[in-house]
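Asker: Work the whole structure out from these sequences, hints included.
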Amino acid sequence: MPQSRSERLSGLGRVLIAVYIVLAIAATFRSVYQIISKFDEAPLAYSLSAVAGVVYIVATVALIMGIKGTHTSSGRVWRAVAWIALAFELSGVLIVGTLSLVSPELFAHPSVWSTFGIGYGFIPLVLPVLGLIWLRRTGRATSSAVAAEATA
832 MPQSRSERLS
842 GLGRVLIAVY
852 IVLAIAATFR
862 SVYQIISKFD
872 EAPLAYSLSA
882 VAGVVYIVAT
892 VALIMGIKGT
902 HTSSGRVWRA
912 VAWIALAFEL
922 SGVLIVGTLS
932 LVSPELFAHP
942 SVWSTFGIGY
952 GFIPLVLPVL
962 GLIWLRRTGR
972 ATSSAVAAEA
982 TA
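Adding 831 to a residue's 1-based position in the sequence shown gives its number in this note's numbering.
Read the hints as simulated data drawn from the structure, not as lab findings.
Here a beta-carbon is modelled for each residue, glycine too, at the ideal position from N, C-alpha and C.
Take these hints with a grain of salt, some might be off.
Just the calculated beta-carbon pair ranges, DEER-fashion [what the hints assert, rightly or not]:
1) VAL908 to SER868: 29 to 39 Å
2) ARG967 to ASP871: 38 to 48 Å
3) LEU932 to SER905: 37 to 47 Å
4) GLU936 to VAL846: 30 to 40 Å
5) SER904 to HIS940: 17 to 27 Å
6) VAL892 to ARG968: 33 to 43 Å
7) SER934 to ILE852: 11 to 21 Å
Answerer: Listed below in structure tokens is the structure:
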């Protein structure tokens, strides 16, 4: 039996989207303020924070749109966008986190992803992992349901 939209949006899905919304707003507005007011102090860190904000916005929209249209071609496209955004986010957190420890001189001020997101309680490190797990789990359930419908 296919998962309904409310089943996909319950539990972890609902929490993920809520946290992504908060993180998207926080990272975006923080980076805009920093770029406007003190970009010359830490251009790399503030630019990376802006990139993080955009990634969080894309991930949020993709997760929501992927849920809305799971059984449609546009829903599958949005799920693919979510996979790419979350993989990019995880890569960014790991690369920037490692660089901020190995070469701290690159980061005059911390970015969202510095030290693996320590300034945000490591949420930037954990969130994409949970998101990828959730996408995989809900994708399997949806694929199984579509396959069952096709054989019936």
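Asker: Confirm or reject the claim that VAL908 and SER868 have a C-beta distance inside 29 to 39 Å.
Answerer: With Cβ atoms ~38 Å apart, the hint holds.
Asker: Does the hinted range 17 to 27 Å hold for SER904 and HIS940 at CB?
Answerer: Since the Cβ atoms of SER904 and HIS940 sit about 43 Å apart, the hinted range of 17 to 27 Å is violated.
Asker: Against the range 11 to 21 Å, how does the distance between the Cβ atoms of SER934 and ILE852 compare: consistent or not?
Answerer: Since the Cβ atoms of SER934 and ILE852 sit about 32 Å apart, the hinted range of 11 to 21 Å is violated.
Asker: For VAL892 and ARG968, compare the CB-CB distance with the range 33 to 43 Å and indicate the outcome.
Answerer: The hint (33 to 43 Å, Cβ to Cβ) is violated, given that VAL892 and ARG968 are roughly 20 Å apart.
Asker: Assuming the hint says 30 to 40 Å, is it satisfied by the Cβ distance from GLU936 to VAL846 or not?
Answerer: Hint holds: Cβ distance 37 Å, inside 30 to 40 Å.
Asker: Is the hinted range of 38 to 48 Å satisfied by the C-beta distance from ARG967 to ASP871?
Answerer: 43 Å, holds
Asker: Between the beta carbons of LEU932 and SER905, is the distance compatible with 37 to 47 Å?
Answerer: 41 Å, holds
Figure legend: structure checked against the earlier numbered hints; hints not met, in rising order: 5, 6, 7.
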